[in-house]
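Colleague: If you want the building blocks of each chain, they are given just below.
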Amino acid sequence: MTPRIHRRDFFKLTGAGAVVAVAQRGPERGMPEEISAWLHIGENGAVTLYAGKAEMGQNVRTSLAQAAAEELGVSVESIRMVLGDTDLTPWDAGTFGSRTTPYLAPQIRRAAAAAREMLMDVARDRLKADRTALTAAGGKVTDAKSGRSITYGELTRGQKLLKMIPADTSLRAAADWRVAGKHVRKVDGRAMVTGAHLYPSDVTRPGMLYGKVLRAPAWNAKLISVDGSAAKALPGVHFVHEGGFVGVAAADERAAAKALEAVKAEWSESPQPSEREIFDYLRKHAGPPQGQGIRRGNIERGMAEADVRLKQTYTVAYIAHAPLEPRAAVAEWEGGKLTVWTGSQRPFGVRSELASAFQIPEERVRVIIPDTGSGYGGKHTGDAAIEAARLAKAAGKPVKVVWTREEEFRWAYFRPAGIFEISSGMKRDGTITAWEFHNYNSGPAGLQTMYDIPHQLIVHHPCRSPLRQGSYRALAATANHFAREVHMDELAQAASMDPLEFRLKNLKDERLRAVFAAAAEKFGWGKKKKEAGRGYGIAGGFEKGLYVATCVEISAPANGPVKIIRVVEAFECGAIVNPDHLENQVVGMIIMGLGGALFEAVRFENGRMLNPRFSRYRVPRFSDTPPIEAVLLNRKDLASAGGGETPICGIAPALSNALFDARGQRLRSLPLLPPRTS
Amino acid sequence: MARVRELLVNGARRQIDVDEARTLLSVLREELGLTGAKYGCGEGQCGACTVLIDGVARRSCVVTVGSAAGKKITTIEGLAANGRLHPLQESFLEVDVMQCGYCTPGMIMAAAGLLGKNPNPGEAEIARALDGNICRCGTYPRIVAAVRLAARRSK
Numbered sequence: 000m001t002p003r004i005h006r007r008d009f010f011k012l013t014g015a016g017a018v019v020a021v022a023q024r025g026p027e028r029g030m031p032e033e034i035s036a037w038l039h040i041g042e043n044g045a046v047t048l049y050a051g052k053a054e055m056g057q058n059v060r061t062s063l064a065q066a067a068a069e070e071l072g073v074s075v076e077s078i079r080m081v082l083g084d085t086d087l088t089p090w091d092a093g094t095f096g097s098r099t100t101p102y103l104a105p106q107i108r109r110a111a112a113a114a115r116e117m118l119m120d121v122a123r124d125r126l127k128a129d130r131t132a133l134t135a136a137g138g139k140v141t142d143a144k145s146g147r148s149i150t151y152g153e154l155t156r157g158q159k160l161l162k163m164i165p166a167d168t169s170l171r172a173a174a175d176w177r178v179a180g181k182h183v184r185k186v187d188g189r190a191m192v193t194g195a196h197l198y199p200s201d202v203t204r205p206g207m208l209y210g211k212v213l214r215a216p217a218w219n220a221k222l223i224s225v226d227g228s229a230a231k232a233l234p235g236v237h238f239v240h241e242g243g244f245v246g247v248a249a250a251d252e253r254a255a256a257k258a259l260e261a262v263k264a265e266w267s268e269s270p271q272p273s274e275r276e277i278f279d280y281l282r283k284h285a286g287p288p289q290g291q292g293i294r295r296g297n298i299e300r301g302m303a304e305a306d307v308r309l310k311q312t313y314t315v316a317y318i319a320h321a322p323l324e325p326r327a328a329v330a331e332w333e334g335g336k337l338t339v340w341t342g343s344q345r346p347f348g349v350r351s352e353l354a355s356a357f358q359i360p361e362e363r364v365r366v367i368i369p370d371t372g373s374g375y376g377g378k379h380t381g382d383a384a385i386e387a388a389r390l391a392k393a394a395g396k397p398v399k400v401v402w403t404r405e406e407e408f409r410w411a412y413f414r415p416a417g418i419f420e421i422s423s424g425m426k427r428d429g430t431i432t433a434w435e436f437h438n439y440n441s442g443p444a445g446l447q448t449m450y451d452i453p454h455q456l457i458v459h460h461p462c463r464s465p466l467r468q469g470s471y472r473a474l475a476a477t478a479n480h481f482a483r484e485v486h487m488d489e490l491a492q493a494a495s496m497d498p499l500e501f502r503l504k505n506l507k508d509e510r511l512r513a514v515f516a517a518a519a520e521k522f523g524w525g526k527k528k529k530e531a532g533r534g535y536g537i538a539g540g541f542e543k544g545l546y547v548a549t550c551v552e553i554s555a556p557a558n559g560p561v562k563i564i565r566v567v568e569a570f571e572c573g574a575i576v577n578p579d580h581l582e583n584q585v586v587g588m589i590i591m592g593l594g595g596a597l598f599e600a601v602r603f604e605n606g607r608m609l610n611p612r613f614s615r616y617r618v619p620r621f622s623d624t625p626p627i628e629a630v631l632l633n634r635k636d637l638a639s640a641g642g643g644e645t646p647i648c649g650i651a652p653a654l655s656n657a658l659f660d661a662r663g664q665r666l667r668s669l670p671l672l673p674p675r676t677s
Numbered sequence: 000m001a002r003v004r005e006l007l008v009n010g011a012r013r014q015i016d017v018d019e020a021r022t023l024l025s026v027l028r029e030e031l032g033l034t035g036a037k038y039g040c041g042e043g044q045c046g047a048c049t050v051l052i053d054g055v056a057r058r059s060c061v062v063t064v065g066s067a068a069g070k071k072i073t074t075i076e077g078l079a080a081n082g083r084l085h086p087l088q089e090s091f092l093e094v095d096v097m098q099c100g101y102c103t104p105g106m107i108m109a110a111a112g113l114l115g116k117n118p119n120p121g122e123a124e125i126a127r128a129l130d131g132n133i134c135r136c137g138t139y140p141r142i143v144a145a146v147r148l149a150a151r152r153s154k
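In the order they appear, the protein sequences are chains A and B. Going by numbering that gives the first Met the number 0, the first sequence opens with residue 0, and the numbers climb by one from there. Going by numbering that gives the first Met the number 0, the second sequence opens with residue 0, and the numbers climb by one from there.
In short, the hints are calculated from the structure, not lab data. Note that the structure is a prediction, hence the values are computed from the model and not measured. Each hint should be verified, as a subset may be incorrect.
[Claimed, not checked] Below are the DMTMM-like pairs computed for lysine to aspartate or glutamate, each with C-alpha atoms no more than 25 Å apart in a straight line:
#: 1; chain 1: A; residue 1: K231; chain 2: B; residue 2: D130
#: 2; chain 1: A; residue 1: K396; chain 2: A; residue 2: D251
#: 3; chain 1: A; residue 1: K257; chain 2: B; residue 2: D18
#: 4; chain 1: A; residue 1: K257; chain 2: B; residue 2: E42
#: 5; chain 1: A; residue 1: K396; chain 2: B; residue 2: E89
#: 6; chain 1: A; residue 1: K181; chain 2: B; residue 2: E89
#: 7; chain 1: A; residue 1: K562; chain 2: B; residue 2: E122
#: 8; chain 1: A; residue 1: K231; chain 2: B; residue 2: D16
#: 9; chain 1: A; residue 1: K521; chain 2: B; residue 2: E122
#: 10; chain 1: A; residue 1: K159; chain 2: A; residue 2: D251
#: 11; chain 1: A; residue 1: K562; chain 2: B; residue 2: E19
#: 12; chain 1: A; residue 1: K139; chain 2: A; residue 2: E76
[Stated by the list, open to error] Short, incomplete list of chain B residues facing chain A, as computed with Cβ under 7 Å:
#: 13; residue: C40
#: 14; residue: G41
#: 15; residue: V61
#: 16; residue: V62
#: 17; residue: S66
#: 18; residue: T73
#: 19; residue: A80
#: 20; residue: F91
#: 21; residue: M97
#: 22; residue: E124
#: 23; residue: A126
#: 24; residue: Y139
Even for Gly, the Cβ is constructed at its ideal location relative to N, Cα and C.
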């Protein structure tokens, strides 16, 4: 049973004051109330907000503070946020899937609104005022009639006010927002520019040692024997061998690395598939399709009704998240209780991993996630946390484990490679009648087509992946959008139609039409004269309630280098919470996405990654960055959705389509450019 | 093996006692508690560990502490003078550059090295000078804007 924050715990954690918690029913009926967020107003008026999310650069610390400040009538700066601490914050599934803004932010608003109302009730009694004459702003309640006011701290002094509210309380409409909807600067920016901000890899504990873990020479290699006697003989070195785990801890990182070098180990390997055969391998190791797939109409009839039929195959490579901060953890055992500071998107998931690894109840494990040096879907697991905890337990001292860049590349997990087989049919006038889409291994996110096609068959085939794979930014939506939107371009070409016109002809969704129109207008789509060596490409899509359209212009002379001249992307995610931070996210995702589009690929042979360094695995740099314009459509009438994933989906297909426009050559595999021969 | 017993860091003489072959980065972080310089790659390819050595931006992950001894080392923690932020620190805040912020100290130090040589760099010069610094969140356009702003302010 997962321990959860209980109402009787609140004041034990915080001392006196006022607490409001948002309670929802658990996932199963009859479960005890489940708290999704809570806040405390202390006797000094300080507001502290507790939520189980992790900050990795999405700026949720700022956007959630804005949500609370909005309802509570206090400044953003006056709110302290406690995030991702399994002893203090409510249980949370994890920070992924663009869920913070649509699901958690409204609950924080509800908690803050309820706290405001509760304080106003107390103020009414204290001031003996007319409730309707009271206003809450600037951290105090003011009586308009008498002009008297009373601060939140005075109202909560010596009190233990507790209110549990249901998760469906009504909220202030986006059109009436005063704090949210506007630019507020990153709340912890000063600590970042002065170097004071402590990331997981910066955490230290008294008496802490540095740990290193022995890695296999290849994926899936088995440990046959290990001899740690030379390592053990070194002064101050702790050597640990438990099952398949071999590691050392020493006073500094260099001493630990030297001790690890002294460990002798024998491994057994068996042959593993290499990069050149990966797509054959995945096809041969495809399992049964996942579920029924998406079926609409009758695919055979749709094909029979078509005048033009097209069949093509697309592929995407494994790519790495390569967060700039590699996996890191500091573990400390004290009186049978384990505390781990680590960088992960799933604090409570890591707690479960630790409890199970050490066979202890979850109550005896505390996981704290200091704001982390990014994740992009790549930090769901607790690998480093378990390693640090093993070493700390054996050494009897706190131990820090920070993965090297090479370890992060080799032993984390990848965005899946995938194969896409698309068969389509259309009328001579460009009306699509049939769409059959098979995705092998890449994953089901963003699988459905947004185009209005009467006959569809869309299937995801999970495969046995020889490489460890997992989530990525927007999951499989990047890959599914690439295949779909390049194929749409091929159909437009077959119909001799403009790619935008062709898409709009087959598209009814108004929100998607709006982003296509906005991007095309800003870009000047169709207005440029055709020049040799210039190409224009467009692509769009939707995922998780978010809509994106991307236009690119490139220079790509027949035998010359490819250069992106400009990118315009329109994006719509409902009511915008922080427009400047959203722009930052959208531009950043285009830049990250152009790496996977143009040059990122995991090179591997027989169980070994061949390019596990930044000198060999190319990621986007300043010199790769084109001028980028983001057009943000603000739909105040729609609920806010999360903006940290979907904007990455448009750039890869738009670039492939632009390359075709420039060179007349269709590129159906990511990355689009051949590896550098240097 | 020779030992290094003193470093000149951020205007102060700091006593240490470490093997000269250790990287400057590990000594700054592990011995002196200056964790602003970050580990990102260990091969001088990402710039997260950038510090100034005698005013020149250097990758502290590939500099041995022995070779830095006796020279003036400035880390991100020493950039603000008398509690006043450096113009680059101000401009990074004003442009609201950061997402995860892990690359930020290295970016600011690399930019400080650039402004030391060229007080008024254009966008292309900034991009060239900082091309060895990686930001995986993709905040490059804002970093260029922030460096330009700091350069204008410093005139």
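Colleague: Any hints this thing doesn't respect? Which numbers, in order?
Modeller: Failing hints, ascending: 1, 5, 10, 11, 15, 16, 17, 18, 19, 22.
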